[in-house]
Amino acid sequence: MRIRNIFLAIVLILVIAGVGGFFYINTLKDPVNAQDTTKKEITIESGSSGGQIAKILKDNGLIKDENYFLFYANQNKLANLKSGVYEMSPSQNLEEILKMLNTGGRPIGEKVTIIEGTTVAQIADLLSSKGLADKQRFISLASDKSLFSSEFTFLQDQSIVSLEGFLYPETYFIRNGTSEEDIIRMILTQTKEIYEQNNVFDIPQNLSPYITNINQLISLASIVEKESSSKEYSPRIAGVFIKRLGMNMPLGSCPTVEYITGIHRGRVTYEETQIDSPFNTYKYKGLTPSPICTPTVESINAVKNFENTDYLYFVAKLDGTLVFTKTYEEHLAATKEIFGEY
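Residue numbers (my numbering): 1 to 342.
Note that these hints are calculated values from the structure, not bench results. As the structure is a computational prediction, the values presented were derived from the model and not from experiment. Treat the hints with care, as some may be off.
Lysine-lysine pairs mimicking DSS-like chemistry, simulated, CA-CA at most 27 Å apart [claimed, not checked]: (1) K145 / K130; (2) K130 / K111; (3) K336 / K326; (4) K243 / K111; (5) K64 / K39; (6) K192 / K145; (7) K243 / K336; (8) K111 / K82; (9) K55 / K29; (10) K40 / K135; (11) K99 / K29; (12) K304 / K283; (13) K55 / K40.
Estimated spans, in silico, between C-beta atoms of each pair [what the hints assert, rightly or not]: (14) H264 / S128: 15 to 23 Å; (15) F154 / G266: 30 to 38 Å; (16) D202 / S128: 32 to 40 Å; (17) S91 / Q156: 51 to 59 Å; (18) H264 / S150: 33 to 41 Å; (19) L28 / F154: 50 to 58 Å; (20) I263 / R185: 42 to 50 Å; (21) S128 / D276: 26 to 34 Å; (22) T189 / L318: 34 to 42 Å; (23) Q197 / G104: 19 to 27 Å; (24) K77 / S150: 37 to 45 Å.
Cβ atoms here follow ideal geometry from the backbone N, Cα and C, with glycine treated the same way.
With these hints in hand, go ahead and build the complete structure from the sequences.
See the structure below:
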């Protein structure tokens, strides 16, 4: 009888231990602290193993047990863990954390946004200000397209002079220590992808004979980019310049002069319009030798689908809206109304 009681006691202890163990294990998927919503930023490097990721999470107080994390991930088909930067809190449960890791975090590196209408020099300034590149080295590399033309074959087009105009405006994530060459490669990869997705290299026949190559297309698009205060005006602005090219008139674009002087005040002086430079579209007819900034796809498409009108002139009002006119006399009158004596 005594032996039977001992046996029953052992069985009872095992059952209690088993039930207790089950409930304990079941709590391992719960939040570490449901009340703590403090966000913690963690970085998962590319190539990290599941064990390494589990340790990072445990060290940051985001999971209760590393082994259970791996077990739960495999059991629930959530083991496709991705690299990136994540913001997580101890209030998240295991499933929420794993779903984030399976979706992917933001790219690793410093966030750098190249805005539309930016020049190579301005991009170099931006990168330099963040400690990501040497300004002069970046500019020097961007002036020599041959360094990148074997990898990015669109640069082999003989009309392209340098990378000015071809470093696409976008948000990039750049890691400290990345070389200037690799930063440029990263941006050119985006340029190539955007151009191919939007058939940028296909030049419509109706642009001939004024625009017959990619350099001319991007050059005019860059001028349209700088002239347009709103994308709605871009096709009409492009139409004005196409019409001027057809009439062998100077484009007379202020941004082309500002590109020379580096002074951006919205208007240029008479003295500045007399500067002897092939980029001066007041002094020289035709397009600039190369782009004056990096245009967006919207500006490129505005050139491809320009608005065919009788307008030859336009002037910007103080609120950014544009006034288009057909004759020089009308243009002078509009300018005088906006600015007074010109």
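A quick look at each hint next to the structure:
no., hint, in the structure
1, K145 / K130, "25 Å, holds"
2, K130 / K111, "10 Å, holds"
3, K336 / K326, "16 Å, holds"
4, K243 / K111, "41 Å, violated"
5, K64 / K39, "17 Å, holds"
6, K192 / K145, "14 Å, holds"
7, K243 / K336, "24 Å, holds"
8, K111 / K82, "19 Å, holds"
9, K55 / K29, "16 Å, holds"
10, K40 / K135, "34 Å, violated"
11, K99 / K29, "13 Å, holds"
12, K304 / K283, "26 Å, holds"
13, K55 / K40, "15 Å, holds"
14, H264 / S128: 15 to 23 Å, "19 Å, holds"
15, F154 / G266: 30 to 38 Å, "33 Å, holds"
16, D202 / S128: 32 to 40 Å, "36 Å, holds"
17, S91 / Q156: 51 to 59 Å, "54 Å, holds"
18, H264 / S150: 33 to 41 Å, "36 Å, holds"
19, L28 / F154: 50 to 58 Å, "53 Å, holds"
20, I263 / R185: 42 to 50 Å, "32 Å, violated"
21, S128 / D276: 26 to 34 Å, "30 Å, holds"
22, T189 / L318: 34 to 42 Å, "40 Å, holds"
23, Q197 / G104: 19 to 27 Å, "21 Å, holds"
24, K77 / S150: 37 to 45 Å, "43 Å, holds"
Of the numbered hints listed earlier, those contradicted by the structure are 4, 10, 20.
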